[in-house]
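Number of protein chains: 4
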Amino acid sequence: MAIALEQKHLQSAQMKGFAMLGIGRTGWIKKNVPALGPYDALVRPLAVAPCTSDIHTVFEGAIGDRRDMILGHEAVGEVVEVGDEVKEFKPGDRVIVPAITPDWRSMAVQNGNHQHSGGMLAGWKFSNFKDGVFAEVFHVNDADMNLALLPDEIPLEAAAMIPDMMTTGIHGAELANIPVGGSVAVLGIGPVGLMAVAGASLRGAGRIIAVGSRPVCVEAAKFYGATDIVDYHNGDIVEQIRRLTGNKGLDSVIIAGGEGDMLAKAVMIARPGGTVANINYFGNGDTLPVPRVDWGCGMAHIDIRGGLCPGGRARMERLADLVRFNRVNPGKLVTHVFHGLEQVEKALLLMKDKPKDLIKPVVIV
Amino acid sequence: MAIALEQKHLQSAQMKGFAMLGIGRTGWIKKNVPALGPYDALVRPLAVAPCTSDIHTVFEGAIGDRRDMILGHEAVGEVVEVGDEVKEFKPGDRVIVPAITPDWRSMAVQNGNHQHSGGMLAGWKFSNFKDGVFAEVFHVNDADMNLALLPDEIPLEAAAMIPDMMTTGIHGAELANIPVGGSVAVLGIGPVGLMAVAGASLRGAGRIIAVGSRPVCVEAAKFYGATDIVDYHNGDIVEQIRRLTGNKGLDSVIIAGGEGDMLAKAVMIARPGGTVANINYFGNGDTLPVPRVDWGCGMAHIDIRGGLCPGGRARMERLADLVRFNRVNPGKLVTHVFHGLEQVEKALLLMKDKPKDLIKPVVIV
Amino acid sequence: MAIALEQKHLQSAQMKGFAMLGIGRTGWIKKNVPALGPYDALVRPLAVAPCTSDIHTVFEGAIGDRRDMILGHEAVGEVVEVGDEVKEFKPGDRVIVPAITPDWRSMAVQNGNHQHSGGMLAGWKFSNFKDGVFAEVFHVNDADMNLALLPDEIPLEAAAMIPDMMTTGIHGAELANIPVGGSVAVLGIGPVGLMAVAGASLRGAGRIIAVGSRPVCVEAAKFYGATDIVDYHNGDIVEQIRRLTGNKGLDSVIIAGGEGDMLAKAVMIARPGGTVANINYFGNGDTLPVPRVDWGCGMAHIDIRGGLCPGGRARMERLADLVRFNRVNPGKLVTHVFHGLEQVEKALLLMKDKPKDLIKPVVIV
Amino acid sequence: MAIALEQKHLQSAQMKGFAMLGIGRTGWIKKNVPALGPYDALVRPLAVAPCTSDIHTVFEGAIGDRRDMILGHEAVGEVVEVGDEVKEFKPGDRVIVPAITPDWRSMAVQNGNHQHSGGMLAGWKFSNFKDGVFAEVFHVNDADMNLALLPDEIPLEAAAMIPDMMTTGIHGAELANIPVGGSVAVLGIGPVGLMAVAGASLRGAGRIIAVGSRPVCVEAAKFYGATDIVDYHNGDIVEQIRRLTGNKGLDSVIIAGGEGDMLAKAVMIARPGGTVANINYFGNGDTLPVPRVDWGCGMAHIDIRGGLCPGGRARMERLADLVRFNRVNPGKLVTHVFHGLEQVEKALLLMKDKPKDLIKPVVIV
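Protein chains in written order, with numbering that gives the first Met the number 0: chain A, 0 to 364; chain B, 0 to 364; chain C, 0 to 364; chain D, 0 to 364.
Extracted from the complex, chain A is given alone in its bound form:
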């Protein structure tokens, strides 16, 4: 790789990456440095983070089998080469690389949902149907539209939370139609749920009830703005939340973890006219249950929404502004820091094992 980076054109070089070899198997592989189209960029990672969805992908086969696909979709990096038509980035630029890198020339964009350009969820390319960011170099489609400059004042650990954790968690709050001063529950306070707590606070929520139990997460939830903590070890969360709120029903409920029954619970604690917003990946079951009576037999005006996080450049620039203007400090999510790309394997397994003190690991490359 050292040699490769000295070459003006990387395309003929080889690179290492940490890959899914097949369902349940991971390992380091060698691949050619990706080909560079006229609108594309090659980027070397400065910091990467493994994601729970990498775990689902590898160990549960959530997206089906993949052979020798490099993992990872959370990265900030340095541009090493750009195509002829790239106008706004050049080698040496430090950039935020969104997990979602849409094709902006698509009917989905014209319809308002870049996340689904090229098909449902297909704005998500890295470690889905394209090699990911756990490599010496990775490829970014449409660099001018998908990269954003990383402001110098944002530390790499915090920056690595922007491409997926921040955009996903905050998207939950956006989908949730939170009125100023409104009441919100966030179901699940892993790193995405914690960013949903921060997002609810950012959208002007009043009371924010966070549902979770691990002390490290509970402390972070309070840091990000949770006013109440509900622990499922203390009984049914629906009952607990109804008691807390005097049975009034919440303006907004954000689902950031759990299995399909979370959808049912979410509807049960929303008020008529409220909103349930999902940012969780539901991995099991043919159907997800909407509780008939709590949904007013279909007529309660409780909106049920859910969506893949926004990507692209404008989004990343605005999220970076949130960080540099101190609206949110995503660095608080990072409980474990590793150094060296080769540590990405260890970091990934940490996400699998979920030790008590883990929220999110970052690998500084």
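No lab work stands behind these hints: they were computed from the structure. Treat each hint with caution, since some may be false.
Pairs count within a copy or across copies, as identical chains cannot be separated in the list.
What the hints assert, rightly or not - Here are the simulated DMTMM-like pairs of lysine to aspartate or glutamate, each with C-alpha atoms no more than 20 angstroms apart in a straight line:
| hint | residue 1 | residue 2 |
| --- | --- | --- |
| 1 | Lys29 | Glu218 |
| 2 | Lys221 | Asp320 |
| 3 | Lys351 | Glu258 |
| 4 | Lys86 | Asp102 |
| 5 | Lys353 | Glu59 |
| 6 | Lys247 | Asp102 |
| 7 | Lys247 | Glu87 |
| 8 | Lys86 | Glu341 |
| 9 | Lys351 | Asp92 |
| 10 | Lys351 | Asp230 |
| 11 | Lys351 | Asp64 |
| 12 | Lys331 | Glu218 |
| 13 | Lys247 | Glu316 |
Chain A is already provided as a structure; the job is to place chains B, C and D on it using the hints.
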């Protein structure tokens, strides 16, 4: 009753009404004319219509047991007496009476959903927890806020479709976020579904696929703007609609009939970023199924919405304008006309038996 | 040209076009056939229409001086050549060409307004800063994203109204937040205003008050759904409309013609909480006046909006659906039909002279 | 008054109040304690604040002449008596009294704008067309719908900022359609502007440019989340802001002070597709200027909005939640505290004289 109407104050008089006596049983009963509060009105019906929900209420016990509750919530009438604080209506006024008569002084209204004033769905009072309109006289709460003048040029048959059929069907179209020229499916083309077809057309839909089979309904669907008819006798409707649309997915799907699995079917034909809007009363099952994979594992941005129809005066006035300015002719729904309040029993049973040529009966009183 | 079209590659050929030579001067010129980029198409017009804005451009210098710029931005045509990366169109396809052909790879698109890609209003390219469609051949940027197939069943005259008249007029209705059954005024009933009337009807307006006077336009306004006509020859239009509506104020007002004082008039007839939507090009004055007291001293919740029409493929496809499914017949706008590209000069002058019986001319090529 | 409060029914008693005697003249007057309707409450103030609009009313005759009208519309208080139909409040309850106390039974509410119930801006009653809160006792219409319990943990000084300053400033942010991480300018940083800064922060703005100059306000603006300060003493604010933002245009601009030309300046710094939101009372001039070219000749998609602040109970409850859950500390606005109702005169004159160190005075009664 004739005597009663000659009295200045009706309250001490008696009146007849057609009632639910208990689950599965109906009959004529006598009751005192309802008491009149300062903001209320007493109205005698000029035309009434039975609703499928009356059938659910009586014969399926959908809202639980009710004893001697007068049925009916679709009426236009003539004001016979008003409370001291009523300023905008007087005896003799011909009025549209919405099925939904909210308490406008309520937190639900301040939160934007008058339908749920006093509790989920509690804007619906007539033949739910209050005597309905199948009586010589009925009571309207907050007359100034809930009644609307009936323009002379609207025939009674058409007018009787405004209080529930029109507001409900059109609400489906409103909830469905239809883009101008967008593609829509309406699942179910009973009278509410037909008004949803009309509503989709009113909101500027392009293609409208109506799902149903009875010839009288199919013909009416085309009248109201359906461009394609899908008949479930010809195979799975999801498959048929996917074939019709080249698998593109629809902008909007309106559910206007069927059991819980209709929710699953609706999600399966919506595009990423599309909307599923329900105006159907789901009467069975603990849960309604959202198909996990078709809903993008929770991330497809397919909004799932559903709500009780809007009521109140402003709504009724705007619907009346739609009729008198010839935007919609709801009279086309009325296939059977009866004369005399006593015919309401026959009309109701017609809704139960659903003869081939029925869309909706009206009783002119 | 005949020769040119037989060549496989047109780029070296020459073509004729009707151009603005400078402010106040028009004429036929020869130019090289435009260069074709990998995502572009060359199209020969099948039908074109001159626009009032062509008149403003040439005779009022509305967009500044232009030398030898081919005029015209309303066309349907036939694809004659496509770039290597164009996947969804091929020579021979009959297409609708929107007046607005955005760069879809732009921050404006990521912010939700393709019309302003490349700068304010810069989605408008033809006859603004690029040669227009009054030529033997014209160039379309990003063909896959900006062209739409023209359905066979739409006659060319009607089709030529889609690229600008329909999208602009309907956009007025979209911006105007019309509630179902709501009251609307459309100020100005030239071809754009007439499509705004149609748009208001399409969005479900009840009463539609059209302001204009020429009999041919009045008749068309009624055809498209106007319920009332207000003629400024009969006195101040604000007074007339207030009288018509019992001083209630309208839900929505669409400005589709006139000078800056139209903005003041529009605010004066809107209700608190209503919307004023502009689709007119205001050509004169440093400022446009908002009437202070009628705007509630800044606090009346009367939204004032205005925007360039949407372009691009998805929009054109949906508008084409409106026409082929008989929701709107834009052909009614076309009062004068010419044959042969050379007639475009005569058609343009007709727009300048505005004879009594003119709404819109079309040139069939 | 002491005697009055011992009586069970206050209506026959007399009370003192600080009133506008006529344009330019103020003084203490005696009036009968207001009559109590069945839905109303009588409240004695615990803390009140004078408002710039009281100054406009008295000294500029902004709302026309008023004789012997008690001033003041910002108060928290204690309920002393309630009407027979009041169910949720009782004497002794400590309450927040919104400046805007709508008639919830009104068509304006059905149309979505309670602020304009009874006519444009007529949701504003206190010290507009009804005696205000600078009295020993004042009257609140529809207590159940317009009062909110004051949580014990909120100090009176901070609480007195909720009824008008908070709801107005935050409404500016709500109207401004701020995207998460978006760029905002707030023009004017008096107390309302400062709450607009806080509101922008609450809705998730990134960069917030505050325009003002007084050091006490600048310091508070930073406290509430401003990232940049622009001082008009340093040159044209439009030029300064364009320079700061690299001419990109802002997502949102909130006008919270100044004369009509502020509207022009606001449009000049918004981006195409952005929003200008006004919460300022424009007191002078027949018209307010919209700059034609900067508004894209009417087609820039820059929405211009403006509205009176929301009132009513649900709003006050949510704002109280913002304060008690530490999302905003409106107490920072209060620079001067007086004790005793008789000090209200001094506090009002302070608003007139605007000493250097003033943001907002409060009178603890």
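Hint check results:
Taking the shortest Cα distances, lysine 29 and glutamate 218 never come within 20 angstroms of each other, neither inside one copy (41 angstroms) nor across copies (57 angstroms). For the identical chains of this complex, lysine 221 and aspartate 320 are inter-copy neighbours only, at 16 angstroms across copies versus 22 angstroms inside a copy, given an alpha-carbon limit of 20 angstroms. Taking CA atoms no more than 20 angstroms apart as the test, lysine 351 paired with glutamate 258 passes inside one copy only; the shortest distance there is 17 angstroms, against 41 angstroms between copies. Taking the shortest Cα distances, lysine 86 and aspartate 102 sit within 20 angstroms of each other both inside one copy (17 angstroms) and across copies (15 angstroms).
With identical chains, the CA atoms of lysine 353 and glutamate 59 are at most 20 angstroms apart within one copy only, with a shortest distance of 16 angstroms there and 50 angstroms across copies. With identical chains, the CA atoms of lysine 247 and aspartate 102 are at most 20 angstroms apart between copies only, with a shortest distance of 18 angstroms across copies and 43 angstroms within one. In the homo-oligomer, the alpha carbons of lysine 247 and glutamate 87 lie at most 20 angstroms apart only across protomers (15 angstroms), although the nearest pairing inside one protomer, at 51 angstroms, exceeds that limit. For a Cα distance limit of 20 angstroms, the shortest separation of lysine 86 from glutamate 341 qualifies neither inside one copy, at 33 angstroms, nor across copies, at 41 angstroms.
Proximity of lysine 351 and aspartate 92 under a CA criterion of 20 angstroms is satisfied in neither setting, with 33 angstroms inside one chain copy and 54 angstroms between copies. For the identical chains of this complex, lysine 351 and aspartate 230 are neighbours neither inside a copy (22 angstroms) nor across copies (49 angstroms), given an alpha-carbon limit of 20 angstroms. For a Cα distance limit of 20 angstroms, the shortest separation of lysine 351 from aspartate 64 inside one copy, 18 angstroms, qualifies, whereas the shortest one across copies, 53 angstroms, does not. For a Cα distance limit of 20 angstroms, the shortest separation of lysine 331 from glutamate 218 inside one copy, 10 angstroms, qualifies, whereas the shortest one across copies, 28 angstroms, does not.
In this assembly of identical chains, the alpha carbons of lysine 247 and glutamate 316 lie at most 20 angstroms apart only when taken from different copies (13 angstroms versus 38 angstroms within one copy).
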